[in-house]
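Engineer: Here's the letter readout for the chains.
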Amino acid sequence: MTDLPTPLDAARAKQLSAEFGLKGDEYDRVLAILGRTPSLTELGIFSVMWSEHCSYKSSRFWLKQLPTTAPWVIHGPGENAGVIDIGEGLVAVFKMESHNHPSFIEPYQGAATGVGGILRDVFTMGARPIANLNALRFGSPDAPRMKRVIDGVVRGIGGYGNCVGVPTVGGEVNFHPRYNGNPLVNAMTVGIAKADRIFLSAAAGVGNAVVYLGSKTGRDGIHGATMASTEFAADSEDKRPTVQVGDPFAEKLLIEACMELMATDAIVAIQDMGAAGLTSSSVEMAGKGGVGIELQMENVPQRETGMTAYEMMLSESQERMLMILKPGREAMAEAIFRKWELDFAIIGHLTDTGRIVIRHHGVVEADIELAPLESQAPLYERPWVPTPKLPVLGTVADPVGLKAALLTLVACPDLCSRRWIWDQYDSMVGGQTAKRPGAADAAVVRVEDHKRALAMTTDCTPRYCLADPEEGGKQAVAEAWRNITAVGALPLAITDNMNFGNPEKPEIMGQFAGAVMGIGAACRALDFPVVSGNVSLYNETEGRGILPTPAIGGVGVLEDVAQAIGLAMPADHDLVLVGATQGWLGQSLWLREIAGREEGAPPPVDLVAERRNGDFVRAQILAGAVTACHDCSDGGLLVAVAEMAMASGIGAVLEASGDHAFWYGEDQSRYVLAVPAAAPILAAAAAAGIPATRIGHSRGGDLVLPNGDAISILTLAAAHEATLPALMRDGA
Amino acid sequence: MKAGIILFPGTNRERDMALALARVTGAKPAIIWHGESELPAGTDLVVLPGGFSYGDYLRCGAMAAQSPIMRAVADFAARGGHVLGVCNGFQILIEAGLLPGALLKNASLRFLSMDCHLKVERTDTPYTSQFQPGAVFRSTMAHGDGNYFAGDETLDQLEGEGRVVLRYCTPEGAVTEAANRNGSVNNIAGIVSPNRRILGLMPHPENQVDPDIDGTDGLPMFQSIAATFATA
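Protein chains in written order, with numbering that gives the first Met the number 0: chain A, 0 to 731; chain B, 0 to 231.
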């Protein structure tokens, strides 16, 4: 080592460190590690690596408590994405990630680059992406700008996913005024690889070339990770230059070039340049491998002239990867990337110094020891207060009757058809989508050249999480497990996307802690570990936080895609309800939409009953005894039956007697099964000690309620389908 | 039969097409890189599959139509070769001048991914011989620019020569405006060349060939292709 970088003026450095989001004591730690004042590039590197977004400094303490192992887990959190064994020498690679802040500032590009980023996390591990899902939370549709946000986000997700040719097969949407200033865009990608062809990010081999792949580097997205680590104020429009612009065409080429190169033995390690771009990829790859890294910034492919080392290290330009190549494979690798018309540049090499050294035209711009950059990264056990428990809701009178409530509920924004959204997403490309959006509780995508298929879903009920973060966290995991079970698949693992407000507020940290405890309990009880995840904090605008939203992405496996069932109710079948019904109206959509109240404790999840009921239902499906299945979630039993009826156009005569709490309560761990005859299932359930009741029979074109009221399925479906197109008409 | 699928940068339904062809022929089609200047010897059928060649960043298909391989495809077509273009492949065929008309943005100005029903207007083509006359079949569409348009003269010629092979219709076969989601003139979903050996269509029957995935409604198109070359 020869030269040292030129330090900033001490006073200027301290001022800049605050602007870059470093707290006072964090900056003192930078000074201690370096033993001097940092250069601009060094300060940039520290501030993004220690941002909330990259360092998980507020959440790590809690995330460590989540169960992350199982015999089928190959790589848990810590890699670009989680990896699980799905049999036949195959693995599923998946993760969900947020792009909340960018999507509010610039909805199309924010959402599009969110999809691009999560795709790269998956294919960088050697997996071909086979499905995308998205969990979206929007504000009240009539809030200012919200239609533009909804339209832009949906177009952005479609624009990116459709172009790269990865089917968008599922997801979820909620609307609530608490997201008015802070919508959530959580994108999930699932990929498939051979178990012996997984690529990791730990760099190795002193002297090996560090290769830059993909698109050129521009000045876009500088300090994006820092932006994602602060609250919004009214001036957030000013942050538009920190949002990156996506190029799905470049991403498609990058996927194909990587797949082609990954079929060879040239790659030592590879990682995408996501948040904090070249900084996080180079620091993390070298850090994980315990080696040093030296980069020559003049070799970085650049889109603009006159870029400084600082700008290149902090840029979040999209569709870029960093790779360590084995010696002697450079020419072969370069030929593949040139064929796909992508940039390929050797920008440095690995060293034995344990330091990251950045040079630009021979001048040292940064020289930092890697170990303390990670080991001394801030870790906060932030103060937290438990969320006070709400009283269980008492009896609530039924103001409108079952029939009127059903027509209102199936048309309300949280329950209406999502067709307007999914009609803009190519769900079929790849030719393996067996259950597309609206067809089943989970999407089902077959593995090419196999019978085996994956079932996937995203779930969270934020109003439950606000009322009781621990029960809400449990419920989110349980519902994902239930949705995968309802198609007949065996749930294997989850990815979690923790969206919360400002963690420096003890009550917000209390929501986070509660949700983690609930998620952990459910994961343990259901053998459904967390293998990857993402945390998005500071989701607040002008001091008001979002609903706590721990979105769960679940993946399960079916040995034969032909075993998967959907939710469309066939004619002349008995309808059987599996699971106990107490009539839990607290935090239900009936209570909110019909009684106009958001109150009470949310429905508790009995994890023992959850597992028992689900294992029973799955066994019945795999035995071929069930024709269609749907879980009871938002809206309760009657909404579940109505959704099954609308999916097929076949009606039903309901015979079970019960009041509005029975039909609209949101008791958990329940499924509606359409079976050729109820008796054998009821007998099997009784033998297993599982509550099961025949609630009716499917036939005709009307839903006939127990009191004799009939609603035509066509009328129901018209109300169900009309809402989103009507909402979006003038904003679209 | 020997089929070759052209791969442009941004093509994304080549695997779907290869699976559909392999299902009826038992043989894996060749994948042909756009930078090649010749087709493999003995090619019977060239397929331009769906996708976003060159990102659709200029006009859909305009860049791909200038690829080196398209000169070979044009020569192949001029010699009476069979060419199938689906979705982006249809757009490329039009941009290359191998089929007439234009594909505009969908009337809704939105990407449309959904089921559609197609009326088979004639069964004496290499691509439709295994459909019953007047058949209606379900397929899926997934495009932003599938709104077929042609000037009156071209349209009269296409209709007069019976070159409109597929039209959007209701499940019952009625050719209505409501069934014409992308706004195509005369509900046109697919047209052929005068010798009927070049077919361009927007929907994706290659996604309806497998009972385990989305049914086999599109299979007769591929069985027709197989039959064409079994007797050739």
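Bear in mind the hints are in silico, worked out from the structure with no lab data behind them. Keep in mind that this is a model prediction, so the values were computed, not measured. For each residue, glycine too, the CB sits at the ideal point set by N, CA and C. Any given hint could turn out to be false.
As the list claims (entries may be wrong) - DSS-like, lysine-lysine: derived pairs with alpha carbons at most 30 Å apart:
| # | chain 1 | residue 1 | chain 2 | residue 2 |
| --- | --- | --- | --- | --- |
| 1 | B | K104 | A | K450 |
| 2 | B | K1 | A | K146 |
| 3 | A | K325 | A | K287 |
| 4 | A | K287 | A | K63 |
| 5 | B | K27 | A | K338 |
| 6 | A | K338 | B | K1 |
| 7 | B | K27 | A | K193 |
| 8 | A | K338 | A | K325 |
| 9 | A | K504 | A | K22 |
| 10 | B | K1 | A | K450 |
Unchecked claim - A short list of chain A residues far from chain B (calculated; beta carbon distances all over 12 Å):
| # | residue |
| --- | --- |
| 11 | A10 |
| 12 | V163 |
| 13 | L252 |
| 14 | N298 |
| 15 | L341 |
| 16 | A452 |
Engineer: Going back to the hint list, which numbers does this structure go against?
Structural biologist: Hints 1, 2, 12, 13, 15, 16 not satisfied by this model.
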